[in-house]
Amino acid sequence: MNDQPMVHFESVIKSYGQLVVLDDLNLKVAAGEKVAVIGPSGSGKTTVLRMLMTLERINGGVIYVDGEPLTHMPRNGQLVPADNRHLRRMRAKIGMVFQHFNLFPHMTALKNCMEAPVTVLKLPKAEAEERARELLNMVGLGDKLNHYPAQLSGGQQQRVAIARALAMRPKVMLFDEVTSALDPELVGEVLNVIRKLGSEFDLTMLMVTHQMGFAKEFADRVCFFYGGRIAEEGRPDDLFNAPKNERTRQFLSAVLEAS
Amino acid sequence: MFWNWDYTWEIVPILAEASIVTIEATVLGFILAAVVGLLLAILRMSPRQWVSLPAAGFVEFIRSTPLLIQIFFIFFVLPEFGITLGALTAGVLALGLHYGSYCSEVYRAGLENVPRGQWEASTALNLSPYHTFRDIIIPQAVPPVVPALGNYFVALFKETPLLSAIAVLELMQTAKILGSETFRYTEPITLVGLYFLVFSLVAAALVRRLEYWLKQRWR
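Residue numbers (the working numbering), protein chains in the order written: chain A, 1 to 259; chain B, 260 to 478.
If you are wondering where the hints come from, they were derived from the structure by calculation, not from laboratory data.
Here a beta-carbon is modelled for each residue, glycine too, at the ideal position from N, C-alpha and C.
Any given hint could be a false lead.
[Said to hold, decoys possible] No more than 35 Å apart at the CA atoms, straight line, and that leaves these computed lysine-lysine pairs for DSBU-like:
1) A:28 to A:171
2) A:171 to A:144
3) A:111 to A:93
4) B:474 to A:111
5) A:171 to A:244
6) B:474 to A:122
7) B:417 to B:474
8) A:144 to A:93
9) A:144 to A:125
10) A:144 to B:474
11) B:474 to A:125
[What the hints assert, rightly or not] Okay, the calculated bits of chain B under chain A, using three or more residues with CB under 8 Å as the criterion:
12) 319 to 325
13) 378 to 386
[What the hints assert, rightly or not] Computed Cβ-Cβ distance ranges for the label pairs, DEER-style:
14) A:15 to B:308: 19 to 25 Å
15) B:473 to A:76: 51 to 57 Å
16) A:15 to B:410: 41 to 47 Å
17) B:398 to A:80: 32 to 38 Å
18) B:312 to A:142: 46 to 52 Å
19) A:250 to B:398: 43 to 49 Å
20) A:143 to B:310: 45 to 51 Å
This is chain A alone, in the form it adopts within the complex (with noise of 0.2 Å):
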């Protein structure tokens, strides 16, 4: 790990309107450190992940990642918003696995994972197929290569997003509520392909989880949001035997009353 922070979050801010979503976020992630989101609905945590990968304008602060600014962009000398072209330089170091998946309906799995390098990275389609059924091969689906994602349990279908989103070669990884639409028998197979990612990868990983067990083994820190605001921050073991604040300790309790 070297000192520069892979991710930034700088005095951002976001609302919607009136409402504050976001505010005064002030976050460090270093280069290879599994980040664990936690906290009510509502307390901005998917918001993060999703200004992160730009799916959400900021209303103030800076983003930076890697080093160079992902919100903004340097012109004579003073940060300016970032126009297109700019985002898209940033976003090729950032990759998203989604909710609901998100996958390409019309596609099989193994075009999925080929679409984005073909069109985005310019791999000649050869290439592109090798690197697809590697990934696919890697998160357990080598034999599903030409099914579509209909034909595929939710499992399936997350572990090909995930693949998916490999196959452009990012930097940073996020993970948003990667099992909360899944059936409780699939949640394992798609921890276990994350938890793959974490030692054979060398990635920087923003996950929003409300899987507590996975977040305290596998985070190497945990951020407690709440009202917009991280709340608590610590190593898991501290944050989750010893929380500090009391929002953190009835949000904990209220979690594991629930499992």
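With the hints as your guide, set chain B onto chain A.
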């Protein structure tokens, strides 16, 4: 006698030949409408108002004025501005623009029905707007609206007699000429109606086949 069979058999081949022009105008007009409609629908989705507003205004304007006037305008008024078109070309252009405006509404419904997650996945994969539309959005937006587009195909076909107003030698114009030569209108006009009926039924059947095929292919 009210109906003359000899005359009928005499004009059947003449009208059959004219029907080729009708079909030509229909097919060319609809190809134009399908392309123009998709373009208009995409332009109307643009977040830039200087793009979306003119497109929306164009659609409203075309839909709020009669096709016959548009045909006359393109054929008789555009030459004043130095654009002179043949009768068939002018007719195809008018049909294409008119039905393109209607088709754009159909496409728009299709485009709006593509889930937001598809756009977001495209952004996350860094696809360009061009590839997002070409590979992700349009293949999902168009198949469900094919039946509605097919209806406009049949509707456009049935409006081609309007082209007789600018003397395109399609079915209706040919029938009128035959009538004025022989003073017998019953047979030509009835035959034209029959031709349209047969072609409409065939076209509707083809649209249903296409619909079925798309359903198989895209589930």
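For each hint, the structure was consulted:
A hinted pair counts as satisfied when its Cα atoms are at most 35 Å apart, and residue 28 (chain A) with residue 171 (chain A) qualifies at roughly 15 Å. In summary, the hint linking residue 171 (chain A) to residue 144 (chain A) is supported, as the alpha carbons are separated by about 27 Å, within the 35 Å threshold. At roughly 21 Å between alpha-carbon atoms, residue 111 (chain A) and residue 93 (chain A) fall within 35 Å of each other, so this suggested pair holds. A hinted pair counts as satisfied when its Cα atoms are at most 35 Å apart, and residue 474 (chain B) with residue 111 (chain A) qualifies at roughly 20 Å.
Taking the CA atoms of residue 171 (chain A) and residue 244 (chain A), the gap is near 32 Å; set against the 35 Å cutoff, the hint holds. As the CA atoms of residue 474 (chain B) and residue 122 (chain A) are separated by approximately 32 Å, the hinted pair is consistent with the 35 Å bound. For a cut-off of 35 Å, the pair hint linking residue 417 (chain B) to residue 474 (chain B) stands: about 27 Å separates their Cα positions. Proximity of residue 144 (chain A) to residue 93 (chain A) is assessed by CA-CA distance (about 28 Å); at most 35 Å being required, the pair is judged to hold.
Distance check on the hinted pair: residue 144 (chain A) and residue 125 (chain A) sit about 19 Å apart at the alpha-carbon level, within 35 Å; holds. Between residue 144 (chain A) and residue 474 (chain B), the direct Cα distance comes to roughly 23 Å. Compliance with the 35 Å bound is thereby established for this hinted pair. Taking the CA atoms of residue 474 (chain B) and residue 125 (chain A), the gap is near 28 Å; set against the 35 Å cutoff, the hint holds. Restraint check on the stretch 319 to 325 of chain B versus chain A: 0 residues with Cβ-Cβ distances below 8 Å, three needed, restraint violated.
Requiring three or more residues with a Cβ within less than 8 Å of a Cβ of chain A, the coverage given for the stretch 378 to 386 of chain B holds, as 7 such residues are present. Look at residue 15 (chain A) against residue 308 (chain B): about 23 Å separates their beta carbons, and that is inside 19 to 25 Å. Judged by the Cβ atoms, the range 51 to 57 Å given for residue 473 (chain B) and residue 76 (chain A) holds: they are separated by roughly 53 Å. The given range of 41 to 47 Å is respected by residue 15 (chain A) and residue 410 (chain B), whose C-beta atoms sit roughly 45 Å from each other.
One distance hint, 32 to 38 Å for the beta-carbon pair residue 398 (chain B) and residue 80 (chain A), holds here, with the actual separation near 36 Å. Taking the beta carbon of each, residue 312 (chain B) and residue 142 (chain A) are about 51 Å apart, inside 46 to 52 Å as hinted. At about 47 Å, the CB distance of residue 250 (chain A) to residue 398 (chain B) agrees with the hint of 43 to 49 Å. A hinted range of 45 to 51 Å holds for the C-beta pair residue 143 (chain A) and residue 310 (chain B), which are about 46 Å apart.
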